[in-house]
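Visitor: From the two separate chains plus the hints, produce the assembled complex.
Here the protein sequences line up with chains D and W, keeping their order.
Just so we're aligned, residue 61 is where the first sequence starts under our numbering, counting upward by one.
Just so we're aligned, residue 244 is where the second sequence starts under our numbering, counting upward by one.
The set of hints was computed from the structure by calculation and includes no laboratory data.
Here the structure is a predicted model, which means the values were calculated and not measured.
Please note that a few of the clues may not be correct.
Stated by the list, open to error - Here are the simulated lysine-lysine pairs, DSBU-like style, with alpha carbons at most 35 Å apart:
1) W:K339 x W:K428
2) W:K438 x D:K68
3) W:K339 x D:K68
4) W:K343 x W:K428
5) W:K293 x W:K283
6) W:K438 x D:K62
7) W:K428 x D:K68
8) D:K344 x W:K339
9) W:K343 x W:K438
10) W:K343 x D:K344
11) W:K293 x D:K163
12) W:K293 x D:K194
13) D:K62 x W:K428
14) W:K438 x D:K163
15) D:K62 x W:K343
16) W:K283 x D:K194
17) D:K344 x W:K428
18) W:K438 x W:K339
19) W:K343 x D:K68
20) D:K95 x W:K343
21) D:K344 x D:K163
22) W:K438 x W:K428
23) W:K438 x D:K344
24) W:K339 x D:K62
Stated by the list, open to error - Output of the computed footprint for chain W on chain D, the stretches with three or more beta carbons under 8 Å from beta carbons of chain W:
25) 72 to 84
26) 87 to 97
27) 241 to 251
28) 327 to 335
Note that beta-carbon positions come from the ideal geometry of N, C-alpha and C, so glycine has one too.
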Amino acid sequence: MKTRIFEKFTVVFAWLAGLVLLAGVCLLLGYLFFKGHASLNLSLIFGDTPPLRALLLKQRVFEGLFPAVAGTFVLVVLSIAWAIPFGIATGIYLAEYAGPRVKRALDALFDVLSGMPSIVIGLFGFSFAVFLHKHYSDRIGPCLLISSIALSFLVLPYIIRTTQAALEGVPLNIRLTALALGATRLQNIFLVLIPRSVSGIMSGIILAIGRCAEDTAVIMLTGAVASAGLPRSLFSQYEALPFFIYYISSQYADSEELMQGYGASIVLLFLCALLFVTAYGIRKGLSHFVFYRP
Amino acid sequence: MKKYGELVAERSFLLSALASSSITVAILAFMVFMGLPLMKQAGFYQLLVKPWAPYQGTFGIYPMIVGTGCISLLSLVVAFPLSLGCSFLIATIAPKPVSKGLRRLIELMTGIPTVIYGFVGIFLLVPYIRELFRSGSGLCVLTAALVLGIMITPTMTLFFCDSFDRIPRSYLTAAEALGASRTQKLLYVILPCAKMGMLNGVILALGRAVGDTLVALMLAGNSVRVPGSVLEPARTLTAHIALVIAADYESPEFRSIFACGIVLYLFTMMVTFLVRYLSFAEGRRD
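Chain W on its own, in the form it takes in the complex (with noise of 0.2 Å):
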């Protein structure tokens, strides 16, 4: 009787993680039977590299690749070298109690819903750079970048901390012994160790850029058109999924957007894989 419930129990497990994980195979499966039709008329790669333009009847989505490589691109050269200087105050540079009170702040920002941060960008910096500049509205890749930038930069830190935690102590000490100051002991020894970690933080913050839809969304400006400058509108994958999503079900719009949703996922995965033999190189080499 025993053995027997065990038995149920186990493969109860198996079933439910089964059951999660076909999820993931579950969505990539919808996506492209969703945007079958479309491909098959025009193909996958057509669509990726042709303009938007449906009076002609065609349905790329080349504008909007390029409008979030630009935007995750310029957030990312926002948010690294912020990253990167909180990370060294966290490590080493400030004293202790600030190192502490700044890593609890920068896990609590992490929190901070991404609407928010896209509600306050709408009121306080996009008039402000629409000032400053005297061009257009306002809503441009440069202010989404800022916002977004402002956004992973939490988690891009906390990736930087995790891989200066990780150094073996005894080359801390060894580096304390041979009397290094405390920016010596970070930037000879840290740093170097770290870099296969800190190229992870890099991708995956990428990877939350790319993914991002509100700050995009609101504060991009959303015209579907290949941005000329940093000053210019433009839309992203995620933003267009958003927004074409109220038309008609069986439109070449309507399907183009499961491209999108294909383009994304591969992007991810390839974002995952990436991190996950980088990480898996990193174990082997210690």
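If we strip away everything but chain D, and leave its shape as in the complex, we get (with noise of 0.2 Å):
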């Protein structure tokens, strides 16, 4: 009889839990757009100016999200960059070439790199870019480069891992098929097995843009900062979408500048979703479609 009561809380209590989280993500997203649904339009984005203008760089926007969309745009191009050669390199060596012994050891760091804080890396980017100040150029301090850098240091274990898994998941009878016809190592890498990953090597570097894009721990240490408009060099400060919320949050004047930071939260949330729901379709098997080739 006792066993039976607690059967029957066991099943209350899940369901309860599953409420109360879907009562606390809805809460959530129901806040934000609540409140913010009203800031959604094009002035959010371009402030005055005409957005064709924007664009194409004829106009500073003054006051709109444009230079942080943009700031965050450039960041995420950048970092990706970074971070495509040397994790797909990274995870084919990983998968192919290491031994039992170097594996686990190269294991063991990307795994203690994947753990570690971002605001850990972010320190790390700024005090490298002190150190570059003292002992190189006066002109290196916190900046577009540096972040970007930094950023990818973060990002690296997705790309890895994920490249490492779509190798390894590869069957035996694929794997050995053309090194038995004569295909040299590489050819069998870059001809069969690559190929036959793609999609698992595209939906990890769909989530590492979303999480370039997402985060902010790094970036407020590495040069983002509140008014900057357009990043104009790879050594200038910029402005960013996930920084300016922050800044927001604890440094708004007005009412209409806190709407703003409403909208720039529904934005980035958008911004996140719609990259998860493609790294999401991506893995699912949609790549047949988009890497067709008759």
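Guide: Have a look at this one:
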């Protein structure tokens, strides 16, 4: 009898927990949309500037989120560009070349790196910038370049792991066919294994993009500022969406700025959700449509 | 010629693997290098146990360590029952379509940016907590822990679900054949088998909670004192790093953030190796 009650209790407890979590998420998103939906229009991004002129960089945007969106975009592109070659090459090495002992040691190092708090990586980036400033050139400080390099450290383990898992997931018979027909190891990797695991690698890259777009701790230490306009060069400071949200939450002057903060949160949320769903779709096999070659 | 190309490719793969893995080591080396002057002056152990009193010349990070510990353990207290319940729902209790939908939703939740949790927390939860307890500004350990708990629940739930999925199918069919209900299967077969994996999930979630910056920075109030109750403000190690960064480069305040960095680094390393050890032990037992 007692066990029956315990089982009933478990069921009730589980449904309750599910409801609480759902309620929490609905509250979070509902509040954001309820408060912020009014700010969602083109002037949120571009202010009073005509959108086309702003996009063509003919006119500066003062009132809108455009510099922050552009900063985030440039930042993501740069960090992913640094991380992809190293990440994929390292993934290939781990999956195809490394011996068991080397693999275990490298695995441990990448596990530590992937668990590293992003603020520690940000601190590393910052002190690296300070180091360069002191020893090489006065012109180098916290800037776009340093931020993107630090962010690429943050997402490197994602790309390495997904590449490695995708390559190791190729079935043995496919792995051996080309080798048996006389292909070299390198040909086998680039002509057989990588095309087979493109969807896995792509979903890893897209998750890494999402991580780059949302991370705030790294960029607040390495050069994101509240007002810098569009990023001008690799060595300039820049604005970014997540940092803008953080900044508004502590420093907003009036309700108009606060509304901009809500708007920025919704934009960032949509961006991350979109990337996430894309990554999911690719992993699920949409890649057959995207990368279809007759 | 072909041989040569193969060799170059293999070498470059090896080089990039070495370069990427050296990042992990380089981060620690940099922290130690930058924090060394202060540690020489005060001693690493002394830094960990002394209070933060810049006017008396001590720059201990003890309050931040306590703050981090309180907030992250309290967030685990919030997140553990929630994740347990949700993973139960997904594993057996909910009907198939519900459990599938819930799992997708929870996966999607892991993608919500941290700064948004913090942002909504400030404007939604903080005023509520201030009204409810009528003490302080509402920026306190409790607020931060509640939001952090909601934030790590999806991750923890997914870890739990993964460890449930690793149980051999034959165990489950055996239980079904003996006439176990869904709840009984969960309580007497799945749960005892998945204990190790769940422990891993809790440890990894704790790592996430300790390493998170934005929620604590935005919601915990950031005062440099050991919090006396959950309604008092506190500062975490991560928030300390984010806040002190503006000071000048040679000051002991600035050096102290590297001590925080080293503590966080060592903690991450501990978590990683504990999890690796536990999964290794689990793998060997099967």
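Visitor: Work down the list of hints and note, for each, if the structure agrees.
Guide: Now the hints, each set against the structure:
A threshold of 35 Å between alpha carbons decides the hint, and for K339 (chain W) with K428 (chain W) the separation of about 16 Å falls inside it, so the pair holds. Note on K438 (chain W) and K68 (chain D): the hinted pairing holds, with a Cα-Cα distance of about 22 Å set against a maximum of 35 Å. At most 35 Å may separate the alpha-carbon atoms for a hinted pair to count; K339 (chain W) and K68 (chain D) meet this at roughly 19 Å. Between K343 (chain W) and K428 (chain W) the alpha-carbon distance is near 19 Å, which keeps this suggested pair within the 35 Å criterion.
For the proposed pair K293 (chain W) and K283 (chain W), the alpha carbon gap of about 15 Å is at most 35 Å, so the pair holds. Restraint check for K438 (chain W) and K62 (chain D): the C-alpha separation of about 23 Å stays at or below 35 Å, so the hint holds. With a C-alpha separation of about 13 Å, the suggested pairing of K428 (chain W) with K68 (chain D) holds against the 35 Å cut-off. Restraint check for K344 (chain D) and K339 (chain W): satisfied, since their Cα atoms lie roughly 19 Å apart, inside the 35 Å limit.
Distance check on the hinted pair: K343 (chain W) and K438 (chain W) sit about 23 Å apart at the alpha-carbon level, within 35 Å; holds. At most 35 Å may separate the alpha-carbon atoms for a hinted pair to count; K343 (chain W) and K344 (chain D) meet this at roughly 15 Å. Restraint check for K293 (chain W) and K163 (chain D): not satisfied, since their Cα atoms lie roughly 41 Å apart, outside the 35 Å limit. For a cut-off of 35 Å, the pair hint linking K293 (chain W) to K194 (chain D) stands: about 31 Å separates their Cα positions.
Using a Cα cut-off of 35 Å, the hinted pair K62 (chain D) and K428 (chain W) holds, with the two alpha carbons roughly 17 Å apart. Restraint check: the Cα-Cα separation between K438 (chain W) and K163 (chain D) comes to about 28 Å, which is no more than 35 Å; the hinted pair holds. Note on K62 (chain D) and K343 (chain W): the hinted pairing holds, with a Cα-Cα distance of about 31 Å set against a maximum of 35 Å. Taking the CA atoms of K283 (chain W) and K194 (chain D), the gap is about 22 Å. The hint holds against a cut of 35 Å.
Proximity of K344 (chain D) to K428 (chain W) is assessed by CA-CA distance (about 30 Å); at most 35 Å being required, the pair is judged to hold. Among the hinted pairs, K438 (chain W) with K339 (chain W) is consistent with the structure: their alpha-carbon atoms are about 24 Å apart, no more than 35 Å. Proximity of K343 (chain W) to K68 (chain D) is assessed by CA-CA distance (about 22 Å); at most 35 Å being required, the pair is judged to hold. Between K95 (chain D) and K343 (chain W) the alpha-carbon distance is near 31 Å, which keeps this suggested pair within the 35 Å criterion.
Only pairs whose Cα atoms come within 35 Å are accepted, and K344 (chain D) paired with K163 (chain D) is accepted, the gap being roughly 28 Å. At most 35 Å may separate the alpha-carbon atoms for a hinted pair to count; K438 (chain W) and K428 (chain W) meet this at roughly 15 Å. This hinted pair checks out: K438 (chain W) and K344 (chain D) have alpha carbons roughly 30 Å apart, not beyond 35 Å. Distance restraint check for K339 (chain W) and K62 (chain D): the Cα-Cα separation of roughly 28 Å lies within the 35 Å cut-off, and the hinted pair is therefore satisfied.
As drawn, the stretch 72 to 84 of chain D meets chain W at 10 residues by the rule of a beta-carbon pair under 8 Å; at three or more, the given contact holds. With 5 residues carrying a beta carbon less than 8 Å from a beta carbon of chain W, the stretch 87 to 97 of chain D meets the three-residue requirement, and the given coverage holds. A count of 3 residues in the stretch 241 to 251 of chain D with a Cβ less than 8 Å from any Cβ of chain W is obtained; the coverage claim is therefore met, three being the minimum. Using a Cβ-Cβ cut-off of 8 Å, 5 residues of the stretch 327 to 335 of chain D lie near chain W, which meets the minimum of three, so the contact claim holds.
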